[in-house]
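Undergrad: Take a look at the letters that make up each chain.
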Amino acid sequence: MEPVNTSRRSFLQLVGLGVPASVALAACGGSPSQSGAGGGSGGGKGVASYWTLSAKPQEDIRKDTIARFNKANPKSKIDITLFANDAYKQKVKTAIGAGKSPTMIWGWGGGGLKSYVEADQVVDLTSWFGENPDLKEKRFPATFGAATVNGKLYAVPIETVTPIVLYWNKKVFDQVGAKPPESWGDVMDLVPKFNAKGIAPFALAGQSLWTNMMWLEFLFDRIGGSQVFDSVFNGEKNSWSQPAALQALGEVQKLVKANGFQKGFQSTVADQNADQALLFTGKAAMMVHGAWTYGSMKADGADFVTGGNLGYMNFPPVDGGQGDPSDTVGNPGQYVSISSQASKEAQDAAKKLLTTTMLDDTEVEKWVGQGNIPVVKSGGDLISGVKDANDKPWLQFVYETSSKAKVFAQSWDQALPPSQATPLLDNIGKLFQMDISPQQFADNMNKTIGT
Amino acid sequence: MTIQAAPLAAPRPQSRGGQAGQHGRVAWMAVPALAVFLLFAVLPLVGVLVLSFTRWDGLGAIHPAGIRNWRSVLSDPDLLHSLWVTFEVMFYSWVVQTPIAILLGVFTAGRHRYRAVLAVFFFVPLLLSAAAIAVTFKALLDPNFGLGPGLHSDLLTQNWLGNPVLAMGVVIFIVSWQFIPFHSLIYQGAVRQIPLSLYEAASLDGAGRVRTFFSITLPQLKHTIITSSTLMVVGSLTFFDLIFVLTGGGPGDSTRVLALDMYRRGFGANQMGPASVIAVILVLVGLGIALGLNRLGGRADDSSLEGV
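In order, the protein sequences belong to chains A and B. In this text, residue positions in the first sequence follow this note's numbering: the first is 8, and each later residue adds one. In this text, residue positions in the second sequence follow this note's numbering: the first is 3, and each later residue adds one.
Check each hint, because a few of them may be wrong.
What the hints assert, rightly or not - Chain A is nowhere near these chain B residues, computed Cβ spacing over 12 Å in every case:
id, residue
1, V108
2, L128
3, V137
4, W162
5, V193
As the list claims (entries may be wrong) - Listed below are several chain B residues computed to face chain A (Cβ distance under 7 Å; list not exhaustive):
id, residue
6, A43
7, P66
8, Y116
9, L142
10, P145
11, N146
12, P151
13, N161
14, G252
15, P253
Because the hints were derived from the structure by calculation, they are not lab data. Think of the CB as a built atom: it goes at the ideal place given N, C-alpha and C, for glycine as much as any other residue.
Go ahead and model the full structure; you've got the sequences and the hints to work with.
TA: Here it is as structure tokens:
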């Protein structure tokens, strides 16, 4: 492991963002760590800065790429700062608003990126992509959708394609004598079976809320097809109260009522990977979660992944539903934008990183080695060379799911602007808590359309 | 953050002969405090007040919005709910903390060595950061990996943070656990200030322990109770870190206090205008309560040591 240093100056910069709430965040969101890339000699010296997420094992690759870049470019070093997922979103927004933006802003594209664009905070990269056609050429075309605002490119797709999948614990299924579900009806039938044995049917990190949202994303799609959320996204009036939407909301409440999730799911947090722990310790039978959890389950779950006990599939169809069963949801990629506040020198360093070290062969290999499909086409070719008997079928599965999906929908909270995403998560919390009915959910959300 | 500056109880100017000159000479000593107060309390307050009449997403330009934010926030049922939750937290944490803090304060005021040792232990929770406390309790209360399943105790294996009533109870318990030591300390100091002669007189009159407590100690603590209650009540208005980490305002919105609602609107939904409206409401409620409690205390020269 690389040593992690926090220099006093960078710490002060982080704390002194100017808005009191950001201080509160620094106190609650897990302290950010600045890694002095290039031999761990302490951060804060680079010409450009890069803020990204801290989760293991992905952060090792992020740090390694920067370290390699800094070694090759000692005159234009880049400082990398890592934040916990849930805290990062507010943190970076606050920093940008306070004029303290990092040079390179890591993100999920979509609605969040749009809000930066509207505030003139990120650089238009369209012409830069024109000058560097191979950058565009080597990435999957589908990843550029969430990087595009008003027909212009404002972000570079990086890292990995991560669809949401349904994981299941083979050992637990054997123990109960159950078969993995092939339809939504099967899912509901499995729930009492597992509950009878004292095993939670599904693990869910319900306090994080975006985890609950993934259920709705799939149910909306499987019941009514991708056009149901598209009409929400396009701001069409009353689109949350379409019959398919109401049915999907009702189905999720049926699952909650049938104790489909572990006891106390409302207080489980995704940042601590407690939901994954439920699955790999056999306390839960299934979990709907992003493909990025494969790596951490492999690392933390003892012989769960290496012993071949992890099963996975695309979310099953709903009987009578109109959605294409090949559709998937999730993150078509991660994105990095360049701050328009940054100096020319910093912007040049960032662009150099993006054209040279970032997603070079070494990094692509590392992503594949961790069980991820990178956003570049060359990643697919590497799968056949993977030796690990568990990683190989997994990589093939993710590759197929992503590339054969008729629609790869972006996660709702990333696709929608923050003014709609926040009430959405809020109402999802209440829906899963059974505080509100599907109709009330739809009414509340219809009010946010167009804000 | 919970420990707020005590309300500015302006001491009545004392115009008894010969003191006016002395008063003038020391006034300059207030200048540094005044400067800090203006810079870090009044100025941001004015800023928030101005922001509450604007539309701003925290990133781009600020646009004037008139009273639209006020109208939308004040007609929002979420605000009423958050206000209610805030008052619940305030009320229950006062009801739980005050009696325990008084009793502990009286107990630790006694001059025995073992009491001094215990007082040190009582003080420990106050030294921990709210975020650390929240993370620890969250782990302990986890119904799948926490204390309950670890000890195989069904009683402890509750859905502590997933059930609205239990979650509120847990919040109040932790708040009390954290702040009782602070208030005990205030009471300990106050109890030690009570003249021993009062107790001697009471025991000569044949009063027992309980009678002495109710007839001497409690009335003598009147002003301290008001001070401590003000800190508690105004402090509980601004609870954020503990609840943010512990429940995130959940389950649903059952522990979403005003400060959390403000954060959610401002930094979650990027709506600084409505968030500022809530900030202004918070300030007004806090000031109102602090002034009201101060009134309860009666006039400054209303001595509880009359005739001693």
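Undergrad: Does each hint hold? Answer for all of them.
TA: Right, here's what the structure says about each hint:
no., hint, verdict
1, V108, "holds (34 Å)"
2, L128, "holds (16 Å)"
3, V137, "violated (9 Å)"
4, W162, "violated (7 Å)"
5, V193, "holds (34 Å)"
6, A43, "violated (11 Å)"
7, P66, "violated (17 Å)"
8, Y116, "violated (36 Å)"
9, L142, "violated (12 Å)"
10, P145, "holds (4 Å)"
11, N146, "holds (6 Å)"
12, P151, "violated (9 Å)"
13, N161, "holds (5 Å)"
14, G252, "holds (6 Å)"
15, P253, "holds (4 Å)"
Violation of the numbered hints given earlier is confined to hints 3, 4, 6, 7, 8, 9, 12; the remaining hints are satisfied by the structure.
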